[in-house]
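Given the structure of chain A, go ahead and fit chains B and C onto it with the hints provided.
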Amino acid sequence: MALLEVKNLGIAFGGLKAVDNFNIAIEKGELYGLIGPNGAGKTTVFNLLTGVYQPDTGTMELDGTDLVGKAPADICRCGIARTFQNIRLFKKLSVRDNVKVALHNDVEYSLLASIFRLPSYFSREKAMNEKSREILEVFGLEKYENAYAANLPYGKQRELEIARALATEPKLLLLDEPAAGMNPNETAELMETIKLIRDKFDITILLIEHDMKLVAGICERLTVLNFGTELASGETSAVLNDPKVITAYLGE
Amino acid sequence: MKNVIEQLINGLSTGSIYALIALGYTMVYGIARMINFAHGDIIMVGAYALYVGVSLMNLPIAAAILLSIIVCAVLGITVEKVAYKPLRKAPPLAVLITAIGVSFLLQNLALLIFKATPIPFQSVIQVPSVSIGGITISGVTIVTLVMTLISMVILTLFINQTRAGSAMRAVSEDKGAAELMGINVNRTISQTFAIGSVLAAIAGILYICQYQSLRPTLGALPGIKAFVAAVLGGIGNVPGAMLGGIVLGLIESIAKAYISTELSDAIVFGVLVVVLLVRPSGLLGKLKNEKV
Amino acid sequence: MKVDKKIIVRVLAIVLSYALITFLLRMGLLNRQYTALLIPIGVNIMLAVSLNLVTGFLGELSLGHAGFMSIGAYAGALFSLHVEMPALPSILLAMVIGGVTAAVFGFLIGVPVLRLRGDYLAIVTLAFGEIIKSVLNALSFTNGARGLSKIPLNANYEHYTIVFIAVVITVLVIANVVDSRHGRAVCSVRDNYIAAESVGIHVSRFKILAFVIGAFFAGVAGAIYAHNVGIIKPTTFDYNQSIEILVIVVLGGMGSIKGSIIAAIILTALPEVLRGADDMRMLLYSIALIAMILINQSGFKEKLLERFHSGKKQKAGE
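Residue numbers (numbering that gives the first Met the number 0), protein chains in the order written: chain A, 0 to 251; chain B, 0 to 291; chain C, 0 to 317.
Just chain A, with the same shape it has in the complex:
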């Protein structure tokens, strides 16, 4: 069975169908791309998968667990983590603390332990610091550990967002336009990083992207959305050469 199974997913805003009859099945370990013109409903799909919106129709299952009706925080605990198109970091927290927030449910101690500074506080905090450092090192962010997240350069902020999502130990990672605003060099570097984290953390990745080079370079399969419905899906090279897809992107 696929890791993520979505069937007949749909949502309408004020009568307008933003996503309609959307189906996707992503296998464990896959690097899957979701592409489509602006306003095709890609981010809405992410918002549905992460519980930000509740779907009007359809089913979503991660590893056999039903996701419909769950709150965003619970979906995260089920094993889906995401990044955002418009970066959403905890700006006034340090880079390290951004990751440590994401470790909240993983390394636990009680409120009493933090009030009275019990031994468990010190040992768990230490574990958190080590763990966050490990994740930051993947992105070469450890040297910024104590800087405010808001003060990082743009590209590093995008990477920190990915690092933060990884810290929740997801089964499935959703990346919303990870290369947006990056120059070609940074994009190339990012492609390597994405492949690397897929292998290193043994996770499955679904990404939204406009940069066709990145998509063609790393995604194994694609789904193309247009006007909220699926236009094509399948092997990357086949989809990208589909005349329907080319028309949707370039117009008649």
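By construction, these hints were calculated from the structure, which means they are not laboratory data. Please note: incorrect hints may appear among the correct ones.
[What the hints assert, rightly or not] Computed footprint of chain C on chain B; a stretch qualifies when at least three of its residues, placed anywhere within it, have a C-beta under 8 Å from a C-beta of chain C:
no., segment
1, 86 to 93
2, 223 to 236
3, 270 to 277
[As the list claims (entries may be wrong)] The list that follows gives simulated cross-link-like pairs (lysine-lysine, DSS-like), each with its CA atoms no further than 30 Å apart:
no., chain 1, residue 1, chain 2, residue 2
4, C, K232, A, K125
5, A, K90, C, K257
6, A, K142, A, K91
7, A, K91, A, K16
The beta carbon of each residue, even a glycine, is placed where N, CA and C say it ideally should be.
Only chains B and C this time, still in chain A's reference frame:
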């Protein structure tokens, strides 16, 4: 039965003052996406300006009313320019705190100039009361209802029929797009503050004609209640503010008469809490979700 | 385990400030007016630090902090008035009762309003403050508008040690919570609640946590206030009181516990130092409040810094 009708008329009269104030809140919120906490204190300034005009400068009543309206309009524009405009890009919390600061500043300036002791004030409205079928309606109440009605008709015409009005609607719909269409957003915001303040001045004048006493804090409570009215009607929604004001006035008047005078404020604020929890968009409002 | 530098500094600060207060009092170096300021300073530190948890760290404006204070004050005072006990256990219990009652109300209010944010939440807290005031005004066992009087003065300056300990506990507990996984979660809600949810933080849970802890210490502060002054009325705890606490938090710096403490000391002592300017006090507060936000948030500071830096560079280039 007679009593009930009298209470309802009282409620209508208080409610129409709330409605006038609520319009200012709602218009400013619709356009600048902020709660102008100082709005209630503009009422107070309007009331004191009338007092200065009538009692200290011995102006004719019409001139004193005009003075009060002009003072409030200028004050509204100034407050916006000095305290809110620099914060257009600041987080909402910062704007809210500044607005509270402005409210406090106005109250304490009034306290410094006019002192804390309430100043008695003779109503400037000399309209005889009317009796219909044994129910007496005071002159002040009649004038309040008529003035509110006129103000609302003019405001509705202004918003729907004039260029400036349609600019306002455009800015409240989408600031960025309005700017691209060549609308001067800053001027539109200034105009909104001016109109809101003029309505507050009218409310202030009607308010002290009813209560006949001036205190530096006189605007605070009606201000907050009018805000409740704006939320009740759906903040950002002009007809909603009118409806919300009237409904709140009626609720308050009935609560005072039949439940408890001491608890009437608690009931009014309880309405706010219930509305926000059950229907946060208010009676006529639309709810906007944050875009993710 | 190596001892943290932070802990040494904290212990030193606590011991030194206690020694200083004791020295000043024992040597009779404080006149009556200044002695009378000691407890209000402690009360304001507790109020400011607890409000800072809600406003500075959680990022929600609470305009009803005086409401929680009044609940604590009434609950504590009613206890002392009805239960005969030696002073020390009596005040301790009154403080705990005040804090717990306020915390219960904080929870009851927090649960329904946690769905709201920003402007709306601020207004609802204001509304609750006013509701509490008018209910206290209407109830008979709180003696209505006349309020409670002849409350035993178990927390006046003679009992400054108890108050000092209460202040220290408040500051330490809040500082410790802020610097923990719970505190980070609270801050993440402030910085971006959508992102916080996406990494598994139950936003409402931490809103309530911050509200309840804030309300608890406001309640304890209220109980101390009642047992220092001896008389409380519903109007003592009005909207202005809430704003005064907010002024302390904003001037001290939102999210800075140290700042709140320093601002509480200065702003409580200031009126006494500037005798006669009492009329001006609130006026100055409001101007300071506006100026503080305008300087910090309008980009004015950035511009100034930029000019300063570019000036330096030019000089270096010469």
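Hint consistency between A/K142 and A/K91 [alpha-carbon to alpha-carbon, up to 30 Å]: holds, 18 Å
8 Å C-beta test of the segment 270 to 277 of chain B against chain C, three or more residues: Since three or more residues must qualify, the claim that chain C covers the segment 270 to 277 of chain B holds, with 4 doing so at under 8 Å.
Distance restraint between C/K232 and A/K125, which requires alpha-carbon spacing of 30 Å or less: violated, 49 Å
Given coverage of the segment 223 to 236 of chain B by chain C, checked by CB-CB distance under 8 Å (3 or more): holds (count 4)
Residues of the segment 86 to 93 of chain B with Cβ under 8 Å from chain C, three needed, outcome: holds (count 7)
Distance restraint between A/K90 and C/K257, which requires alpha-carbon spacing of 30 Å or less: It holds: about 21 Å lies between the C-alpha atoms, which stays within 30 Å.
Restraint check for A/K91 with A/K16, where alpha carbons must lie at most 30 Å apart: Violated, because 37 Å separates the two Cα atoms, which is more than 30 Å.
When each numbered hint is compared with the structure, violations occur for hints 4, 7.
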